[in-house]
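There are 2 protein chains.
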Amino acid sequence: MDVDPVSSQEPAAETEEKWRAIAAEKKQKQLDSIPKEWLITPPPEDRINVLDVPSECGLLTSREMEITNEVDVAALLAKLASGEWSSVEVTTAFYKRAVIAHQVVNCLTEIFVERALARAAELDEYLKTNGKPIGPLHGLPISLKDQFTMKGLETVMGWVSWIGKVSESDCVLVELLYQCGAVPFVRTNVPQTLFWGETHNSVFGRTLNPHNRNLTPGGSSGGEGALIAMRGSPLGVGTDIGGSVRIPAAFCNIYSLRPSYERLPYQGARNTGEGQESISSTIGPMSNSLSGIKVFVKAILDMKPWLKDPLVPKMPWNEPAYQLVEHGNGVGLCFGFMVDDGLFKPQPPLYRAMEMTKKALIAAGHTVIEWEPKKHLEIFINCNSIYFADDGENLRRECEATDEPLLQTMHPEELLVELDDASMPYERHVVRDLGHLTTYELWELHKEKRQLRKEYLDHWMGTVERTGTGRPVDAIICPAAPYPAPLHGHNRNAWYTTIWNALDYTVAVLPVTYVDPKLDVQHPPHKFRNHEDQWIYESYDPSSYEGCPIGLQVVGQRQEEEAVIAIAEIVERALKASPS
Amino acid sequence: MDVDPVSSQEPAAETEEKWRAIAAEKKQKQLDSIPKEWLITPPPEDRINVLDVPSECGLLTSREMEITNEVDVAALLAKLASGEWSSVEVTTAFYKRAVIAHQVVNCLTEIFVERALARAAELDEYLKTNGKPIGPLHGLPISLKDQFTMKGLETVMGWVSWIGKVSESDCVLVELLYQCGAVPFVRTNVPQTLFWGETHNSVFGRTLNPHNRNLTPGGSSGGEGALIAMRGSPLGVGTDIGGSVRIPAAFCNIYSLRPSYERLPYQGARNTGEGQESISSTIGPMSNSLSGIKVFVKAILDMKPWLKDPLVPKMPWNEPAYQLVEHGNGVGLCFGFMVDDGLFKPQPPLYRAMEMTKKALIAAGHTVIEWEPKKHLEIFINCNSIYFADDGENLRRECEATDEPLLQTMHPEELLVELDDASMPYERHVVRDLGHLTTYELWELHKEKRQLRKEYLDHWMGTVERTGTGRPVDAIICPAAPYPAPLHGHNRNAWYTTIWNALDYTVAVLPVTYVDPKLDVQHPPHKFRNHEDQWIYESYDPSSYEGCPIGLQVVGQRQEEEAVIAIAEIVERALKASPS
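Here the protein sequences line up with chains A and B, keeping their order.
The opening residue of the first sequence carries number 1 in UniProt numbering; numbering runs sequentially from there.
The opening residue of the second sequence carries number 1 in UniProt numbering; numbering runs sequentially from there.
Take the hints with a grain of salt, since some may be wrong.
Since the list gives no way to pick out one identical chain from another, each pair is judged satisfied if it fits inside one copy or across any two copies.
Unchecked claim - Keeping only pairs whose Cα atoms sit at most 30 Å apart, straight-line, the calculated BS3-like set for lysine-lysine is: (1) Lys527 x Lys374; (2) Lys518 x Lys576; (3) Lys374 x Lys304; (4) Lys298 x Lys314; (5) Lys314 x Lys447; (6) Lys374 x Lys151; (7) Lys314 x Lys454; (8) Lys375 x Lys165; (9) Lys314 x Lys304; (10) Lys165 x Lys151; (11) Lys454 x Lys375; (12) Lys374 x Lys447; (13) Lys165 x Lys36; (14) Lys26 x Lys165; (15) Lys454 x Lys151; (16) Lys26 x Lys447; (17) Lys375 x Lys151; (18) Lys165 x Lys27; (19) Lys447 x Lys165; (20) Lys165 x Lys374.
Simulated from the structure, these hints should not be mistaken for lab results.
When you get a sec, could you build the whole thing from the sequences and use the hints?
Here it is in structure tokens:
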């Protein structure tokens with residue numbers, strides 16, 4: 001398990017030594033920031049599933065286990081608001097569990113126990129003095145992806161060259177979380193560049209999937225995914241430009257929401273390709289329940305984030321939208337089901353998860369039609385051309401300062417699988433060799449993008465002819481990836497998620513089932529559409545996925561955050577009520 | 001009066017002849033599209049003010065005069081809805097007046113009388129059959145800037161190379177106008193490139209200001225400005241990327257609204273620099289009353305434009321926002337007044353208009369504080385660098401097809417005034433010699449832009465300390481230009497309007513007063529900040545402006561369309577109630 005990139009390396013040349021030394025020093029500082037009494041005896045390296053380590057290691061009291069096992073964030077907040085559980089004890093409990101998680105899946109970056117507990121104590125004092133909570137997230141510890149700057153802390157975001165740069169202010173999200181009464185308490189790991197569906201960088205190393213440490217937790221918000229799956233945080237915040245809150249949620253058995261561009265405030269947070277406004281990264285919550293997702297979105301919107309972030313639309317939490325008034329009040333919905341996008345046929349477990357969901361929804365009184373993918377390849381090519389329109393210039397500049405190499409794979413052996421067929425639309429490389437586009441060329445891509453978005457919108461609206469509800473489909477259900485969490489270095493395809501970034505649709509992910517090698521037998525071979533499609537088919541090995549969770553996406557239209565949360569709740573209730 | 005660019009030219013070389021011939025043919029077709037019986041004996045060329053030509057020429061009946069003199073669009077719609085006035089007679093009346101206007105100020109592009117009257121007749125038939133109007137704009141003739149494509153018509157937009165290209169579909173705005181029951185009836189003139197605050201191109205020639213034909217009506221929606229000022233249209237639609245609906249409104253004595261990016265649907269309309277998404281052009285209504293502005297915005301938003309245009313935010317008409325619930329219900333507002341942006345000191349009439357407005361607002365129970373401009377020069381440089389980040393590539397390509405020259409001035413004699421002082425931030429050239437930026441360079445500009453927008457937002461929010469209302473300032477009042485409508489070729493400064501495009505604030509323009517050479521005496525000279533500032537000072541000649549209107553801007557925050565309309569109504573009521 002390649003947790004630490006530093007120790008496992010060969011002796012290196014002088015410049016290489018330099019960046020490695022900087023990274024190693026940071027990693028050591030991180031280790032030093034863990035209270036000694038919270039260090040555990042690590043489980044054997046070959047232990048695959050580590051979800052039970054927190055309960056087994058003996059570090060958590062039974063009350064701390066009770067607190068951290070509460071996945072209903074609204075219930076947790078009620079206990080914090082009433083004082084039944086103090087913020088100090090809740091924060092301590094989650095902090096201990098987060099640090100345990102970190103020792104088995106390497107999910108954290110910044111650890112600042114004293115600061116978080118001091119904040120929690122202030123909140124407890126406030127409650128005692130005033131007899132009421134300070135805000136809607138009173139006392140709740142919240143984990144943050146390593147992009148959300150906090151005054152006095154570094155924001156390394158996986159770049160060696162960012163080590164030692166201490167933020168002078170909080171980003172707007174953190175400001176609002178403080179106003180809401182939350183306790184930002186850890187920051188979590190990311191892949192170098194953020195442009196991978198895995199989580200590995202040259203500073204903090206690789207994050208592992210707690211369901212199976214041979215597998216990736218996904219990325220780029222993979223630190224959050226692994227941490228929350230370990231119940232080391234009740235609520236976390238990631239970001240998503242191509243699936244980065246959804247892939248970890250699907251691979252780690254948790255919930256997430258990818259909101260529309262700018263609905264939640266990004267101002268002041270660090271990012272890759274800052275200034276790329278064509279297909280914006282968005283902030284999204286991740287949690288062990290939809291309750292956590294809803295609580296977060298409502299709390300932030302109630303703070304009027306547009307008064308602090310000039311890009312956030314002036315759209316308050318819309319309760320009628322959450323009540324699904326535009327979707328038949330949630331009764332008799334019609335879902336569009338897309339198991340296969342026509343480019344990359346998913347592996348068998350995804351078919352079973354989709355079928356289970358379909359049956360559950362029909363049993364709950366909803367209807368289902370097939371969702372026909374439209375121009376997904378064209379959208380993919382346009383979108384990917386935009387992401388790398390600067391030919392990776394912004395990435396190379398981060399590397400240049402320290403000679404840190406730009407990773408070209410997430411594979412533990414840094415083996416670059418060559419995929420050179422010209423018909424193959426997807427590569428594993430971060431930087432594609434498209435050349436550095438001029439502004440005019442970028443504007444031409446924008447024209448094409450707008451046209452593709454228009455066609456897709458018309459396509460969606462056109463389903464009104466087929467739903468029988470008098471409305472277009474209320475949501476689309478589809479895989480979040482064409483496979484369950486793959487082996488490290490093997491998550492090469494993010495197109496089931498990125499399509500919705502390109503179209504700016506609102507998407508929730510929810511857990512559906514687990515891989516079952518007995519049920520999920522290989523499909524007969526189909527006519528392969530491209531090398532990637534063939535690779536996905538051929539690499540299916542159910543035994544490697546044992547116990548691996550599967551989540552699906554619930555896709556609503558643009559700026560339908562409230563409705564998508566409500567529809568995801570409906571899907572979840574249907575699944576829970578379903579005999580399968 | 002250089003109305004026709006073709007006839008007044010010297011004999012030209014062969015390639016030049018070609019594009020001139022194409023343009024001349026189109027211009028002749030336009031002339032042929034006017035019903036012969038609507039041709040008038042033109043007034044003498046030296047007649048400056050032509051506003052009374054419609055009433056004097058004898059072409060309009062008294063009922064047609066009554067119809068076209070009704071500036072309250074809601075009242076007009078009520079008469080159309082009741083059948084008191086038929087759509088055919090209203091459309092005929094405005095069409096005749098529009099054609100009269102065209103003959104004296106050259107404001108139209110596409111003229112299609114039969115088609116519009118057939119549409120009006122259908123609506124009359126609908127009302128007769130169903131006893132109710134078909135939609136909120138039932139029977140209303142609406143003029144459109146020459147960007148809004150209509151099936152079966154050309155959209156020339158001032159480019160010779162676009163002549164003969166017939167649209168295969170309506171743009172989304174036109175689709176929605178049809179659904180609302182409107183009668184799109186003429187299209188209106190623009191400057192080549194749309195990037196001028198005047199209105200002149202090589203196909204349709206120059207549009208004149210009906211208040212004083214020696215002056216420009218402004219631009220780029222100058223055809224609309226001149227037409228509506230002549231009461232040749234009750235309601236028009238322009239677009240605005242740097243002041244293009246506000247400059248014509250201020251120069252022509254009418255009302256307009258510049259909404260936030262994408263609030264109204266642009267999908268399918270043609271544009272300059274299509275694909276430039278950094279600082280978006282927006283669609284805005286223009287009318288002889290705020291009633292027209294409100295009716296249009298509400299009608300379009302009630303049609304849920306986000307179901308047809310993927311970029312339009314899902315924000316319905318917000319009645320509580322229009323009732324100013326976030327602005328003290330409209331009682332005791334506090335305005336920020338900025339007469340001088342610190343870069344370009346306005347000419348004397350602007351000071352008087354601002355002073356009149358201030359007194360009127362105070363008399364009406366509102367308060368006023370000074371608005372301090374913040375980083376206007378930095379924002380200007382960032383914004384202008386973005387507009388021309390492709391070094392005019394998109395403009396040159398439109399010219400190349402026919403060898404039509406890219407105009408470098410709007411001056412009738414094509415005299416380029418050299419402004420070569422390096423300290424001078426503004427030039428008259430459309431294309432600045434910044435070079436063609438790479439994507440990375442553009443993204444760097446976006447980062448800077450976001451930071452500047454954040455600083456300005458914080459600046460606005462910070463006024464809460466000074467207003468005495470418990471709120472930040474409710475709106476800013478400022479000039480729409482540092483001078484009244486200037487002589488043709490002299491409108492070189494759009495920075496009083498463009499600042500708000502860069503910040504994406506919502507802005508209404510309303511008429512305030514007229515230049516009065518007795519009252520508006522020259523200021524003593526100040527320390528000039530740059531050549532432009534000096535030029536503005538030195539070029540002040542009150543006698544050239546006689547009878548020239550002055551409008552001001554009412555600036556609200558982003559996505560405050562409803563509130564800004566309501567606040568503009570308050571300003572207007574205060575001005576009407578004020579003794580001055």
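Hint check results:
no.: 1; hint: Lys527 x Lys374; verdict: within (20 Å within a copy, 62 Å between copies)
no.: 2; hint: Lys518 x Lys576; verdict: within (22 Å within a copy, 82 Å between copies)
no.: 3; hint: Lys374 x Lys304; verdict: between (36 Å within a copy, 23 Å between copies)
no.: 4; hint: Lys298 x Lys314; verdict: both (14 Å within a copy, 17 Å between copies)
no.: 5; hint: Lys314 x Lys447; verdict: both (26 Å within a copy, 21 Å between copies)
no.: 6; hint: Lys374 x Lys151; verdict: between (45 Å within a copy, 25 Å between copies)
no.: 7; hint: Lys314 x Lys454; verdict: both (23 Å within a copy, 15 Å between copies)
no.: 8; hint: Lys375 x Lys165; verdict: between (43 Å within a copy, 27 Å between copies)
no.: 9; hint: Lys314 x Lys304; verdict: both (8 Å within a copy, 17 Å between copies)
no.: 10; hint: Lys165 x Lys151; verdict: within (11 Å within a copy, 57 Å between copies)
no.: 11; hint: Lys454 x Lys375; verdict: within (12 Å within a copy, 37 Å between copies)
no.: 12; hint: Lys374 x Lys447; verdict: within (18 Å within a copy, 33 Å between copies)
no.: 13; hint: Lys165 x Lys36; verdict: within (26 Å within a copy, 75 Å between copies)
no.: 14; hint: Lys26 x Lys165; verdict: within (12 Å within a copy, 63 Å between copies)
no.: 15; hint: Lys454 x Lys151; verdict: between (42 Å within a copy, 18 Å between copies)
no.: 16; hint: Lys26 x Lys447; verdict: between (44 Å within a copy, 28 Å between copies)
no.: 17; hint: Lys375 x Lys151; verdict: between (45 Å within a copy, 26 Å between copies)
no.: 18; hint: Lys165 x Lys27; verdict: within (15 Å within a copy, 64 Å between copies)
no.: 19; hint: Lys447 x Lys165; verdict: between (38 Å within a copy, 19 Å between copies)
no.: 20; hint: Lys165 x Lys374; verdict: between (45 Å within a copy, 29 Å between copies)
Checked against the numbered hints above, the structure breaks none of them.
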